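Chain by chain, the residues:
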Amino acid sequence: MPTFTSLDLQALLPQIVLVAWACMLLLVVVFNKDSSPVLAPFLTLLGLLATAFFVVLQIGLEVEAFGGMLVVDGFSIFINLLLILGGLLTVGLSYDYLQRMDLARGEYYALMLFSISGMMLMATASDLIVVFLALELLSIPLYVLAAFARPDIRSEEAGMKYFLLGAFASGFLLYGVALVYGATGSTAFNEIVASIAVGLEQPLYLVLGAGLILVGLGFKVAAVPFHMWTPDVYQGAPTSVTAFMALGAKAAGFAALLRIFLVIFPSISQQLTPVLLWITIATLIAGNLLAIAQNNVKRMLAYSSISHAGFILMAVVAYGSDAARFDVVASALFYLLAFAFASFGSWAVVMALEQREARGLEFSDYAGLGRTHRGLAIAMAIFMLSFTGVPPTLGFAGKFFLFRSVLEGGFVGLAIVGMLASLISAYYYLRLVVVMFMQDGEPLVHRERWLALTASGSAVATVLLFVFSEPLFGWAAQAVLKLF
Amino acid sequence: MTVDLILFFGLAAVAVSAAIAMLLSRNAVYSALFLILNFATVAVFFLLLGAPFIAMAQVTVYAGAIMVLFLFVIMLLGAEQVQERQKGGWQRPIAILLALVLIIETGYLIFGRGALSAVIEPAASNYASPQAIGETLFTDFLLPFEVTSVLLLVAMVGVIVLTKEERKKAD
Amino acid sequence: MDFILQPLNLVTFFPLLGVLALLFLKERKDLARWVALGASLITFGISLWVLSLFDSNNAELQLVVNRDWIQVAGWNIKYALGIDGLSVLLVLLTTFLAPVSILSTWNAVEDRVRDFMLFFLLLEVGMIGVFLAQDLFLFYIFWEFTLVPMYFLIGIWGGSQRMYAAIKFFLYTMAGSILMLLAILWLGINQGTFYVPDLVALGGIPGDVQYWLFLAFAAAFAIKVPMWPLHSWLPDAHVQAPTAGSVILAGVLLKMGTYGFLRFNLPMFPQAAVQLAPAMATLAVIGIIYGAIVSFSQKDVKKLVAYSSISHLGFVMLGLFALNAQGIEGAILQMVNHGISTGALFLIVGFIYERRHTRDLEEFGGLWQVMPVYAAITLIVSLSSMGLPGLNGFVGEFTILLGAWGAGQAGGSLGSIWYTVIAAFGVILAAVYILYMFQAMFLGPVTKKANEKLKDLSWRELAIIIPLLVLIFWIGLYPKPFFDLIHPTVEQFLTIFQNSTAALP
Amino acid sequence: MFNLVPWIVFLPVIGLLLNAAIGRRVGERGAALIAIAASTGAFVVSVLQFLALNAHPEGEVVSLGDWINIGVLQVPWAFRVDTLSVTMMLVVSSVGTLIHIYAAGYMHYDVRYKEDTASYARFFVYLNLFIAAMMILVSGDSYLMLFVGWEGVGLCSFLLIGFWYSRNPDGKFGTLNAQAAKKAFIANRVGDFGFLLAMMMIFWAFGSLNFDAVLPQAESVAPWIILFITLAMLLGVTGKSAQLPLYVWLPDAMAGPTPVSALIHAATMVTAGVYLVARSAPLFVAVPAAQTTVAVVGGLTALFAATIAVGQSDIKKVLAYSTVSQLGFMVAAVGMGAFVAGMFHLVTHAFFKALLFLGSGSVILALERAHHPIDGNGAHHAKPEAHAAHFDPQDMRGMGGLRQQIPLTFWVYLVGALALAGLPPLAGFFSKDEILTDALLANPFVYVLLTAAAFLTAFYMGRQVLLVFFGEARSNPAKKAVESPRVVTLPLVALAVLSIFGGLINLPGLHWFTDWLEHTLGHDLAHVTEFSLIVALLSTLLALGAIYLAWTLYGRQPLKADQTDPLKARLGALFVGMENKWWVDELYAWLIIQPYQRLAAFLANVVDWKFWHDWVHDSLIVNSFQWLARFLANPVDLGVIDGIANGLAATTTGLARGLSFFQTGFVRNYALVTFLGVVLMLGYLVFSS
Amino acid sequence: MVPVSYYFALSAILFTLGALGVLIRRNAIIIFMSVELMLNAANLLFVAFARSYEALNGQIYVFFVIAVAAAEVAVGLALIVAIFRSKQSIDIDEISSLKG
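Residue numbers (this note's numbering), protein chains in the order written: chain A, 1 to 484; chain B, 1 to 171; chain C, 1 to 505; chain D, 1 to 689; chain E, 1 to 100.
Note that these hints are calculated values from the structure, not bench results. Since we're looking at a predicted model, the values are computed, not measured. Be aware that one or more of the hints could be misleading.
Derived pair list, reagent style EDC-like, types lysine to aspartate or glutamate, alpha-carbon separation capped at 16 Å [as the list claims (entries may be wrong)]:
#1 Lys164(B) <-> Asp152(A)
#2 Lys480(C) <-> Asp66(D)
#3 Lys87(E) <-> Asp152(A)
#4 Lys448(C) <-> Asp360(C)
#5 Lys455(C) <-> Glu362(C)
#6 Lys480(D) <-> Glu579(D)
#7 Lys449(C) <-> Glu363(C)
#8 Lys172(D) <-> Asp392(D)
#9 Lys448(C) <-> Glu363(C)
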């Protein structure tokens, strides 16, 4: 058996392209320092598009590669495209912002590309050790990016906190992998499934391993009680990084979570479901309630991001139910997509208002936006409504689909908690809208083309894609996981 | 009690004491040294478990490279001692309590609910030779291996980004 | 193109054209006003065209637009619009009140006129959609969507407490609707469709489940109506909203709640409806009395009218849960009546507010002397609101009471005539608060200097209010055309309803 | 001919619309002419109906079109022409027209005294509206249509009582008139509540609201249902016809201009209740208990109101209470089944009570004109405020000796008073006598009540005439009073003639009116009451006695200015009670109005606002949210507790940290939370599975 | 003849001690070291299980983990150095400006 087949190449090609491109970008940056503020983002865009091209080429493929360590299936393709979309939007957000904030260094984009490659690997990984490595690959650049606004102490602090807690959490993940390995003798999904099918000597170790893996991934997606880093890091990190992190880390984390739980842990769903359930409920409640108390928009969005993790987790809770299994994936993916647009859009607005020294981020700084910058305010309002789940926005469709899988799984109580959570969330999202439209003020706003474009594009997409959500959801529904 | 067991308990005692000592040391340098001791002990365990290659890697990479880096930074920053105001905070007692609970849980797991039947015998000679490891590494585990290389590259870039003097100041 | 030109699509989405125009037009106040007025008038015209296409002998849904929308992954969501006797009047009411309200803002709204009109037209889309949607998913979209523009209308152009009121309005309504969303999902999953006629035809929901589903839907609708004791958002919203907002809020938005009961709760969960009818009627009756009593003690005219809505909608609810022809037809007509009368009352309050910038009853008195035309019109509207025979309010109230009385007879849904007796007592209390208001505003000598030089109604204001007066008299004297529109659908509805409750144990 | 009947409504409506549109432009004369023409037109149509009925006494139902049609509920706009309705039409339109004419003169002055000449046209708009509504009431073919008129006249009553809405009854600025109007409307609404209930019961018992479908079936429905219907209807009657306990609005209604008092609050509207009972005769007859109740209510009202009338000093108040009392007679009559007698009294009462009111109006006008003369242009010589002493032109204590100054008014007033007192051969004698005769046969208790009331009636009318027209003038204006113009006196004369000869329509023996109504009521219900000489003699003697008594008190030694009523000395506390209307208004205020206001204020301010609005929403929901949010953010604030433990120096920093939240910013805390989660989860997994 | 359970127990104790270090020490460097201890505990477990399965893959994982640990440490120490430059401290409790 050859160790590296064309099939393997085909499966890994997007990541290879991406990593190679990142390396090239590094070289370009090193030797072409002065042009990097413009050149690097341009090259990054190209690289992402090239990667997207190779991902698109994979559509329809459903293969295992590298002896089962890697799987390309509809699910991974969906997530990868979503991640690339996130990358593209991040570039749109970063271009002006980095220059404005004196952060325009080429390494930024390279690190971002590396991180995306880690995320994509995470979506395709089909072996726990690869998951672990992918997690580190996506995290380490993020740690650095969070601290990118050095020597701003807030940024450094964000990086430090993220790093410390991230390392702490990945310790748990690794230990969980070890336990799973101990229980089954392997870390490859296909072999784990096979040995579970044969019967385990000590299934409890598998359960505990799964629990610890949940800790590690829960940290990445910011699930309570592993969420504590989120607000501080979101607030301290450069906003473009925050935006990137908010979607990328979450999407990758959920990709791994979904794949791991749906592929290898269905048999122990009975034990895991209560854990997931309580984590979800805690996430929903804490995320939303804490968001109410915020006066800083970045922090508010951080908590909102926690709450959205809770919503997606709602779908995951039902993973053990046969009836709901397919909808779990589809609705979680769709929700991520809906979240992506609203999230990037809202960060774009935040960045348009952000001033140096972390000013311009309080709620009060948004007063009067509806009068002075109508388009921006309307866009922000649309994102807030999408977050709340009010039609006609993508966020509503996301919630609607999501709640079906919850109900199909039979979790009526959870559904009600989720509904209440979205009700609470309306309170703080609306607060921002109130401030923007109903209070008077003279907000300081940067008029930057790419930011405006990202914001308005996301806003239009949030509404229009809702109307035409059938193909999108259909696509998400076809993004099935390859099972063993 | 067999020799194996005596050896195990002896080494385990060393490892645990080293870890505890690391925790309790005032001076970061001492902590680092205790950690090295701990790592070395674990390396011995690796040997016992028939993993000579890993044991060597442990000693060279961990105890050697990584810990030296630690010590270097400690010295560089002059950060041997952080003034740990010993105050009756909640953090510490709760942490210790939780740690105890975790250990009890694990104990209950291991000795109460799910003892593993496997017993470790002295290793066969050809098990896990560096040669075998190398071969596996570059065939079956090609992908993670490559990923690791990227990871190290990224870490390198990250370190440069983080420690490079700001251009602005240089200008 | 054919699809777009479907009458119901046109009537629903035509205001969007106005929205688009407003989005790209320059910020010029008059232009924005005319564009909005034009759009709403054309929409009204289209709705009249729809009316002309509407066959009042046909009890079924008509002019149905039904096409697949989201048909993947087990979803069976349709884009379905349809009109029948239950909704035709409410659609007309909406399209009629919209231009009226827009006219009423001509001088009242000077700030961000373009945005105001934009939100207003969006609101109109939502409201019409609510009354036409025949797919639960689509319905929910319109239903929730109406919150957004209304929220802005209150929050930006409202009174001093507008933000509080806006958020409260939004949260209260949303609190109810999320429960309904769950119920909708349940239906979609278990019945395999969201299409309302199919759901009604399918039936077969077990009794206890029906009970919960009914309550979940009712949560949304009861808050919207609002039924006592869920009304706490209403005075805030009304008092703070700009005049046009109040008119639409009282005129149409509240009807969405009662309409929801009629369109969804009763036919889809007939058993539960019968079971819960006494409970709902009790709340309705409490609302009637409570609203009337509380109105009496208000010092703010707008608040008084707001509380009176609680009382009036109590009548509508009572009529619906009488579950007989008189009750339901009366309730539908009363929805329209309340829209007209209370809408007119809010306009009237708006007129005086524009002149005096206060709504405190103690600031008025003796206005009849100063503004006789205004007084006369107010008198007529007030009388309509308190149900004077010959005016519209009476026809609705009387038929409702009659229906409720019938439901109190043996075999009826309520089982006791006491509901009706108490509700009829509300008629007395209505006279008490309306006359109290009328006296405080118009009778007695002119005591405040500021009132001495007030101008009587302008031609524009007359143009706003007179169409409403015409309707007040028309419905009061000759409601037959209106009943004719309603009647066949209600008859058929009742037949189906009786079959489905009789078939089940 | 019958097809013309809708015009009895249309003509006044046209009149009112015309006046509403152009009334102010065509001047007083024009406005009055339009209104009078409309009213006369209605009268002519009524006469035509009368003639047509003579040819076809079975009458006809003229339908205009559908009104409310829902399932079995089919109510058309239909007019009923039969002898009963045409009787009412004739009374309403004839008296109405006369009063229109009268008002044309009266209001000319009144609007000037109230300084609001623009209201002249408005008055006639209301008056025509009233005629229209009253016509709907009497001609409607169904209970529902009757109810339209019923409420419509209530509205007119409201509008006309509050006609001088910015004044008090004494002419000063204030809200008392408006309040009186409101009181009338609300009291009527209470009655309407009963009527509504009755209608609903009727509909569900008979399946229809049309008279033709209901009345003939009365026997086939369970008696308790009929009892309910009739008692509920009685509540309506007590409201509209000012019976116990709802009569309180009628005396206050005198705040309206005098023609209004004559037309609405004496002759026509208030008799609607009597008409309703007569119309529903088959229902009442079906349940004797209901009949008795109605009769007793009527009898009690008759006596009760008569006692109050004795103690009044306001010329119109006396008449008002007299009206209440006389309505009691009618209600008692129809309650006892003496429908013809009741209707008969209704007709004659309309004549002489209208006469009395208009006469009193003429007296008031005479005094007003003497009090502040008006020049040829119709303008005041002086503002009312300029007069040092306020003068109440309605207070009988300020009158006296007027028969010299205004003889014509005196003579017609005397006719009216004697008719009311029931002296033969005036109209009142026959009708009242018929009622008393029936009462004696049907219900002796009621007979006693009514006879006592009749005695008091004669007494207070004697008192009034003596106080107003005899003796010496007790005030300046009374000395200078001037006779009213012809447009005012002419209707008085006409009504006087009717009051004298009105009794002829149902003379004992001829019983022409009985036969006329028999076409509608049927033979059983329209029985002929035999003339009873004993009853007639007794009542005549009593009346004469009462008049003599009045003379002994007020005629022999006429009242002096500022002298207290001689009756007060004789009756003492009893008279104080009469004077103060037995404190019924105060009782209602204490029993109903104030508690309601307090309840409303409590519900509105405390329950709804403080509790539901502020507390439940703002405190309970919002605050607990925020509290929970803060709690979650800061459950055990490590920083604070650390700080406190370390003494004051650290406390400040600790507090600074402590003010922040559970998100303390300390990584170690964050890690601890994570660790806590891990331990809990593992514990659960280890111990549960 | 040592049962795998013993190794598991040892590794669990070391892991817990590592975690405890993170929780109770304020010196950022020592916290990092504690994290390393946690990873090392996992390594021990991997090797022990690998031995019991007579399989190689467990050892290979350790190899990767060591590499990852190296990368992490490099980045982490760089962060510490960077922060030290700004704050002149590596007391983790002083890095707490972001909160709420």
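Hints, verified against the model:
1. Lys164(B) <-> Asp152(A): Holds. Lys164(B) to Asp152(A) sits at ~14 Å (cutoff 16 Å).
2. Lys480(C) <-> Asp66(D): 7 Å, holds
3. Lys87(E) <-> Asp152(A): 11 Å, holds
4. Lys448(C) <-> Asp360(C): The given pair, whose Cα atoms are some 12 Å apart, holds under the 16 Å limit.
5. Lys455(C) <-> Glu362(C): Status violated; Cα separation ~19 Å.
6. Lys480(D) <-> Glu579(D): Given pair Lys480(D), Glu579(D) is violated - Cα atoms ~29 Å apart, limit 16 Å.
7. Lys449(C) <-> Glu363(C): With Cα atoms ~10 Å apart, Lys449(C) and Glu363(C) stay inside 16 Å; holds.
8. Lys172(D) <-> Asp392(D): Holds, at roughly 10 Å.
9. Lys448(C) <-> Glu363(C): The hint holds at about 7 Å.
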